[in-house]
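> Residue-level listing of the chains:
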Amino acid sequence: MSRTNAARPEAPREISIMGKGGRMPGLRAFLLCLHAMVVKEFLQLLRDRVTLALIVMIPLMELVLFGYAINMNPRHLPLAVLSADNSPAGRAFVQALANTRYFDIRRLVRSEEEAETLIRSGKAQFILQIPPGFTRDVYRGLRPKLLLLADATDPVATGSAVSAVSQLAIRTLGHELAGPGRHLLAGEPPFQVVVHQRYNPAQETAINVVPGIVGIILTMTLLIFTAMAVTREVERGTMEYLLATPLTPVEIMLGKIAPYIIVGFVQMVIVLTAGHVLFGVPVVGSLALLVALTMLFIVTNLALGYTISTLARTQLQAMQMAFFIMLPSILMSGFVFPFAGMPGWARFLGEFLPLTHYLRIIRGILLKGASWADVRAEALALAVIMLTVMIVAVHRFRRTLD
Amino acid sequence: MNDIPAEGAACPAPCAKPVLDVRRLRKSFGARKAVRGVDIAVCPGEIFGFLGPNGSGKTTTMRMLCGLLTPDGGEGHALGHDIIRESRHIRLHVGYMTQHFSLYADLTVRENLLFAARVHGLPRPARKVEQTIHELGLGAYADELAGHLSGGWKQRLALAASTLHDPHLLLLDEPTSGVDPAARRRFWDDIHALARRGMTVLVSTHYMDEAERCHRLAWFYEGRILACGGVDDIITGSGLVALEAAGEPETLTVLQRTVQAALPAAQCTWMGEKLHISVPKELRDRAECLCREYGAECATTRPRMEDVFIHLVRIQDHAAEKAEAAS
Ligand SMILES: Nc1ncnc2c1ncn2[C@@H]1O[C@H](COP(=O)(O)OP(=O)(O)O)[C@@H](O)[C@H]1O
Ligand SMILES: [Mg+2]
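Protein chains in written order, with the working numbering: chain A, 1 to 402; chain B, 1 to 327.
None of these hints come from the bench; they were simulated from the model.
Treat the hints with care, as some may be off.
Here are a few chain B residues that face chain A, going by a calculated C-beta distance under 7 Å [stated by the list, open to error]:
id, residue
1, H100
2, R118
3, E135
The beta carbon of each residue, even a glycine, is placed where N, CA and C say it ideally should be.
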């Protein structure tokens with residue numbers, strides 16, 4: 001005993017003071033801690049070359065892939081002709097259609113039933129219906145109607161073909177109408193093309209897709225980046241250190257989310273700029289409103305990803321859970337299938353996905369010039385989702401290693 | 001002394017106001033009982049060692065002390081706060097250096113220290129960090145990624161990060177494992193310097209020789225404390241005495257065999273050319289008799305820590321067997 005006692009110095013500190021001091025109370029401490037956390041996360045992000053590359057590459061790659069899918073004019077779409085009038089003008093028009101190479105003239109059919117069967121089975125994607133007495137009516141200047149029935153289940157595929165047909169109406173019959181009917185060439189086209197879109201009356205067209213890509217890219221990348229945030233610390237063994245610091249779960253969450261807000265912002269700028277420059281996506285509404293609500297969407301996704309990472313035990317599990325959210329986001333948000341066309345249960349589930357609301361916001365603002373009042377409900381839904389998952393994350397964050 | 005109570009050896013603090021005072025701490029992971037009733041009291045400015053083999057519950061105990069694990073049972077205070085209900089307050093004044101390097105390998109030395117300084121809300125963190133880097137002689141490595149440092153420097157960095165905020169209680173979990181002897185010595189000098197400044201230090205190790213460097217220590221075995229106190233106290237308290245027998249190797253070999261056969265409680269170890277024999281003190285005369293009988297020269301010596309440990313483990317295992325047989 002004596003040896004140890006002699007070696008030990010007198011206690012220089014009183015225990016009673018030990019409870020005080022240390023962490024400053026309130027906002028200042030919170031901000032200091034948050035600052036520490038944000039700087040750390042930022043530096044780690046900057047050191048992570050692979051992630052940095054992905055941040056830029058993913059949006060560009062997806063945009064190019066999807067973008068070409070949009071711009072790719074599908075050619076050789078199967079078309080059947082239902083002609084009640086085997087006249088020169090009708091034949092000339094069919095020939096002109098074939099020449100556009102948008103269409104493969106597969107068949108001439110005789111009856112409406114036959115035509116109906118073809119389009120329903122998918123053997124023909126278009127039916128061109130030439131009414132009786134077509135040539136005659138053209139010469140009489142009656143501007144007869146040609147009916148083009150389009151299977152628009154895939155609006156991207158049929159959209160450009162449909163617009164090509166409308167253009168044709170103006171030019172095709174130029175040659176036929178030389179001579180006696182020359183006067184008909186002036187003024188309006190000699191006949192009208194009426195397009196009936198089947199199966200997808202809303203006629204979602206290509207322009208709809210680029211805004212959707214912004215949402216998809218933000219969902220995919222941000223979800224994956226933050227889904228790893230906590231599990232990475234656990235797997236690298238640094239969580240033990242982090243937990244032993246005075247950081248609170250809220251500070252850790254916000255600190256981990258913050259750097260990726262900028263990442264999300266950069267990605268949004270890349271995709272929107274490229275979408276505008278390369279694919280001519282218009283910006284009808286307020287860009288400022290769009291940016292503000294996109295930030296909300298970004299934070300919502302980050303919070304969701306972070307929540308996943310508090311639930312998952314390993315990085316692999318986190319990835320799987322992220323995919324578990326990404327898949328329905330792609331399928332049920334209205335990105336791939338028109339939202340209105342989905343069954344009730346799918347629409348119900350879709351309402352819980354941030355992407356669903358964001359698609360309405362970004363399509364509304366970019367394409368239709370929606371104002372704050374128009375998208376307020378969607379913004380509110382996003383905010384509710386964000387706060388809910390944040391509360392879950394803070395609640396679920398394990399303060400101990402148990 | 002020969003009867004270790006089921007809950008382990010008591011470990012009273014030799015001071016009125018211990019910094020840390022916990023009783024009957026328990027923790028299980030599933031069916032595995034990692035800590036089964038640990039009592040520890042530590043005085044201010046003391047260097048208190050957790051000595052014990054791997055898996056004996058040292059890390060688990062430390063984690064419970066700083067609130068990283070919730071004890072299944074037990075109670076106590078650290079730094080004037082309840083360890084279970086007020087672990088958040090305790091954390092503010094505790095420095096914890098984990099067994100495995102847990103700073104950020106992808107941040108530089110300076111960035112790691114800055115992070116530590118900021119999360120603890122130190123005023124002028126940058127200046128404090130530069131000062132620390134200077135004090136530790138880390139200047140040349142300040143902009144190296146922490147992951148690229150050698151083992152010894154990593155340990156120094158980790159120690160710096162966990163002491164930057166001048167904690168009242170410092171927990172060091174096997175800080176010297178895998179570190180070369182020179183770095184180990186320097187590390188212990190650092191620990192002593194910190195303790196002289198008034199920091200209370202808990203340090204775990206599985207090196208017996210490091211026990212000598214602690215003021216007091218608790219000897220962990222299978223989640224219990226086998227013995228507690230200063231090295232001398234533990235050796236004296238064990239009731240062991242040791243003899244050193246010198247002579248012809250053949251003689252000593254025969255002696256070794258005879259002693260082990262006649263006195264199951266004795267331990268014989270070769271120390272160079274001599275035979276080191278430790279026995280409970282009531283058997284001392286018989287051991288000396290045997291020595292003389294075989295013509296070996298016999299001198300009294302100090303029992304070694306290993307002798308004490310093995311002796312205590314035997315008693316413990318024997319008690320556990322008896323308890324099992326009884327139930
Ligand atoms: N998180 C954990 N989950 C399951 N078992 C654990 C965990 N941590 C420690 N153990 C077990 O508890 C026992 C004590 O471990 P530990 O406290 O790390 O011992 P030491 O630090 O003395 O080597 C070991 O058997 C170990 O396997
Ligand atoms: Mg350990």
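> Each hint should be assessed against the structure and marked as holding or not.
We went through each hint and held it up to the structure:
Because the smallest distance between the Cβ of H100/B and any Cβ of chain A comes to about 5 Å, under 7 Å, the interface hint for this residue holds. At a threshold of 7 Å, the smallest CB-CB gap from R118/B to chain A is about 3 Å, leaving the interface hint in force. Interface restraint check for E135/B: the shortest CB-CB distance to chain A comes to about 20 Å, outside 7 Å, so the restraint is violated.
Hint 3 from the list above is the single one not met by this structure.
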